[in-house]
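For the protein sequence lines, the chains are A and B, in the order given.
To convert, note that position 71 of the first sequence is 70 in numbering that gives the first Met the number 0; the numbers rise steadily by one, no gaps.
To convert, note that position 22 of the second sequence is 21 in numbering that gives the first Met the number 0; the numbers rise steadily by one, no gaps.
Hints in this document: simulated from the structure, not taken from any laboratory.
Backbone N, C-alpha and C define an ideal beta-carbon position, used for all residues, glycine too.
The reader is advised that the hints may include incorrect statements.
[As the list claims (entries may be wrong)] BS3-like cross-link-like pairs, simulated, lysine-lysine; straight-line CA separation at most 25 Å:
| # | chain 1 | residue 1 | chain 2 | residue 2 |
| --- | --- | --- | --- | --- |
| 1 | B | LYS59 | A | LYS108 |
| 2 | B | LYS14 | A | LYS108 |
| 3 | B | LYS22 | B | LYS63 |
| 4 | B | LYS13 | A | LYS108 |
[Stated by the list, open to error] Far from chain A, by Cβ distances over 12 Å, these chain B residues were calculated:
| # | residue |
| --- | --- |
| 5 | ILE1 |
| 6 | TYR9 |
| 7 | LYS13 |
| 8 | ASP18 |
| 9 | ASP51 |
| 10 | SER53 |
| 11 | ILE74 |
| 12 | GLU75 |
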Amino acid sequence: MKFGVIVYPGSNCDHDCYHVAKHVFGQEAEYVWHKSHDIKGFDCLVLPGGFSYGDYLRVGAIARFSPVMEEVKRFAEMGGLVIGICNGFQILCESGLLPGALIMNRELKFICSDCFIRVENNSTPFTRTYGKGQVLEIPIAHADGNYFVDEETLKGLEDSARIVFRYSTAAGEITPGAIPNGAVANIAGIINEKGNVLGMMPHPERACERELGSTDGRGVFESLIKVLV
Amino acid sequence: MIKTMKARVYITLKKGVLDPQGKAVMGALNSLEFKEVTDVRVGKFMELELEDSSREEAEKRVRKMCEKLLANPVIEDYKVEIG
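Using the sequences and the accompanying hints, generate a full structural model.
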């Protein structure tokens, strides 16, 4: 399968995503410059982490108007698989492809640490190689990961199993103490209604090789490859 | 020289949205003995310089800017003042 990794000015996890797709999993991968309108031939688009456009105004606010976003929207409407990681998740929210918004961390600090997330829904194209309730150790690295959504939308997300990952303890308990950033309902990742656009704050691409400490992020890529190959 | 006019845009977090910055500022004020402060909400203030047009037209355009880019309706409210 072929991954397209979108590169915005200020992206800094684009190389990691490309590396994992190409060298760890041996798939085709290409960078797509944010000004491009050509996304032909891709099976999955990755919106990587970083600080697109310096995150000025609000995180992801300016990136959502990049020319490539028109194509990303069209691709998503046609059922193409899109994953936004960290800044990519923020961009997906700003562009309306996912509900809610990511605001400043509760403790006002940039947090770079390993955290535990529990797989809440393993019947998505991004999580099918995981077990339901499986606990993953995956790093986060963000200043604005505090997911906010109004109560009504939250209920909709809960009722339709669209909360894909929640911050948990190592034992898989969903507690307020397990939330690193203030996110409502321990939300670490959600999926759109159609089930083809996923946004998550933790970085699965940083947890794919033993040398980096954890390989728990592999399942996200393995799931995608399994769906598409 | 082109005649210009000014627009002021106030962006505030919606009620119910956690404001960690506001909380930190309130804590600082309280510890500086300004104990009367019971809540702080931090927002954004922007001053826009626009090519001259009618107030109505300018307001309409600036509101559009707020809806499209300057504010995120999921978490923020905005107020526009012209002139």
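Each hint tested on the structure:
no., hint, in the structure
1, LYS59(B) with LYS108(A), "37 Å, violated"
2, LYS14(B) with LYS108(A), "23 Å, holds"
3, LYS22(B) with LYS63(B), "31 Å, violated"
4, LYS13(B) with LYS108(A), "22 Å, holds"
5, ILE1, "25 Å, holds"
6, TYR9, "15 Å, holds"
7, LYS13, "9 Å, violated"
8, ASP18, "8 Å, violated"
9, ASP51, "26 Å, holds"
10, SER53, "27 Å, holds"
11, ILE74, "5 Å, violated"
12, GLU75, "8 Å, violated"
In summary, the structure is inconsistent with hints 1, 3, 7, 8, 11 and 12 from the numbered list given earlier, while agreeing with the others.
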